[in-house]
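Chemist: Residue strings, one per chain:
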Amino acid sequence: MGTTGPSTINAATSEPYGMEFPIFTIKDMVNLQLKLIESLNIKKLFSVIGGSMGGMQVLEWAASYPNMLYSAIPIATSYRHSAQNIAFHEVGRQAIMNDPEWHKGHYYNKGNKPRHGLSVARMIAHITYLSEGAFQKKFGRDMQSKVLSWGFDADFQVESYLRHQGTSFVDRFDANSYLYITRAMDYFDLANNHKGNLAQAFINTKCKFLIVSFTSDWLFPSSESQSLVKALNKTASDVSYIEIESDKGHDSFLLEVNDFYDILSGFISGAAKKLNI
Amino acid sequence: MTNILNQNLISSLITHNDKVLDIGCGNGELLYFLEDNKSIQGQGIEISHQGVKESVSKGLSVIQGDADEDLINFPDHAFDIVILSDTLQATHKPKKVLEQMLRIGKKCIICIPNFGYWKYRLQILIYGKMPVTKTLSEPWYSTPNIHLCTIKDFINLCEHLNISINESYRNTKNNIKKIRNPKSYLNNLLSTEGIFILTKEK
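If you read the sequences in order, they're chains A and B.
So the numbering used here is basically just the index in the first sequence, starting at one, shifted up by 5.
So the numbering used here is basically just the index in the second sequence, starting at one, shifted up by 72.
For the record, the hints were derived by calculation from the structure and aren't laboratory data.
Just so it is clear, the structure is predicted and the values come from calculations on it, not from any experiment.
Hints may be right or wrong, so weigh each one.
[Claimed, not checked] The list that follows gives simulated cross-link-like pairs (lysine-lysine, DSS-like), each with its CA atoms no further than 25 angstroms apart:
| no. | chain 1 | residue 1 | chain 2 | residue 2 |
| --- | --- | --- | --- | --- |
| 1 | A | LYS278 | B | LYS110 |
| 2 | B | LYS272 | B | LYS167 |
| 3 | B | LYS167 | A | LYS279 |
| 4 | A | LYS278 | B | LYS130 |
| 5 | B | LYS168 | B | LYS191 |
| 6 | B | LYS178 | B | LYS165 |
| 7 | A | LYS235 | B | LYS178 |
| 8 | B | LYS206 | B | LYS245 |
| 9 | B | LYS178 | A | LYS239 |
| 10 | A | LYS235 | B | LYS165 |
| 11 | A | LYS142 | A | LYS118 |
| 12 | B | LYS206 | B | LYS191 |
| 13 | B | LYS224 | B | LYS250 |
| 14 | A | LYS211 | B | LYS178 |
| 15 | A | LYS211 | B | LYS91 |
| 16 | A | LYS279 | B | LYS91 |
| 17 | A | LYS211 | B | LYS165 |
| 18 | B | LYS165 | A | LYS239 |
| 19 | B | LYS168 | A | LYS239 |
| 20 | B | LYS272 | A | LYS239 |
| 21 | A | LYS239 | B | LYS91 |
| 22 | B | LYS245 | A | LYS211 |
| 23 | B | LYS167 | A | LYS235 |
| 24 | B | LYS110 | B | LYS91 |
| 25 | A | LYS279 | B | LYS110 |
| 26 | A | LYS235 | B | LYS91 |
| 27 | B | LYS178 | B | LYS250 |
| 28 | B | LYS91 | A | LYS278 |
| 29 | B | LYS168 | A | LYS235 |
| 30 | A | LYS278 | A | LYS211 |
| 31 | B | LYS178 | B | LYS272 |
| 32 | B | LYS224 | B | LYS165 |
| 33 | A | LYS279 | A | LYS48 |
| 34 | B | LYS130 | A | LYS235 |
| 35 | A | LYS239 | B | LYS167 |
[As the list claims (entries may be wrong)] Listed next, the stretches of chain B that the computed footprint assigns to chain A, with coverage defined by at least 3 CB atoms under 8 angstroms from CB atoms of chain A:
| no. | stretch |
| --- | --- |
| 36 | 119-126 |
| 37 | 147-153 |
| 38 | 194-202 |
Beta carbons: idealized from backbone N, C-alpha and C, even for Gly.
Okay, chain A solo, but in the shape it has when bound (with noise of 0.2 angstroms):
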């Protein structure tokens, strides 16, 4: 899972790293980023996109190296973390860490891993994803067999499909790794680095911002948006927003949605086009 991290061998326990490994920022992210951008030798990037976390991602490209790029687009993401957000995180964490499997991190060596904290994690935080409507849509009451089991079984297809959900991310997830990322979400506040202001977190960007954000996204609501548009009209910055409707919840920024892909590939062509490119 990208480059270094938590299951990565430290060289000098010749151990994985664990709990060891330092915690690490989106701005961490980015200047990595930043790296491989300088080692191709790109000068100035076309744009940057991204949504949820790679959302703020794009938020820092534009805020710390605001000479880097011409166009920038986040998707139904935040500037900040709210408390919100923070607490479902918190509760995913604490189902990893009290996995009598953890092993406070150092799992690794032990054959186990901490398989049933992930995957409830991984079930709640899909829950966020989704919307209600989504979900009642998608599934509503129906059962996995015509008869209820009158006990604890997955009754239900919504319980089936978050079980699936859960285990199937325990494979190509590391709980560590879960723990790290989901900290340097909570960690990210552009604003507070500017001693509350967000505007200033842009006063030197020049570049043109595409802000989308979708009706029922209740992880990254409109409002966290509407926010990030107030602070970039403050520097009267070049700035595009609007509101997809769409019933899918925060996930609508991976699924092919109504108007998504007009608006995406207008403003990029609008972009190119100014850019004689």
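Chain B: place on chain A using the hints.
Modeler: Same frame as chain A, but now just chain B:
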């Protein structure tokens, strides 16, 4: 929707590379025209989702927002030109909007439908009904145009707010003429539309 005559007039009032804000830009027609003809740096605000969608899809910079709420976010003198074309009558607080425009723009261009036009007066006089026009075709109960006024009303408001009208034009039977004598009652009687170029009096 800005007609072609207004488009040409507005374009003639704008200098190349001006920074322009179009409040209530609709589907972005005017901004697109100005970017093409005057290579302006355009920014739009539009309340309707459809309008924003069409504008951004054309490559314009437009935010989904509300003239009544969102102008306060912009800094003083942020734009060379602020345009309010066929929008003032649809705002909740036209006076506030006007004041905000003059704060953020060095120069403002405002187009308003003129309800002092003789045909509209006749509609009330003869039929006793609220005027319905080609461009403002919605009946009174569903129109978004809640603050309609006449050219005279608008000039009076500007005086009241210490706003100086640098130039003004009137649209008569699809013909735009410069208003030479703002005091003349004929402007109000014979025009379907008034176009004003304003600056805040110092």
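Chemist: Identify every previously stated hint that the structure contradicts and give their numbers, smallest first.
Modeler: Numbers 3, 5, 11, 17, 22, 38 - these are the hints that the structure violates, sorted from lowest upward.
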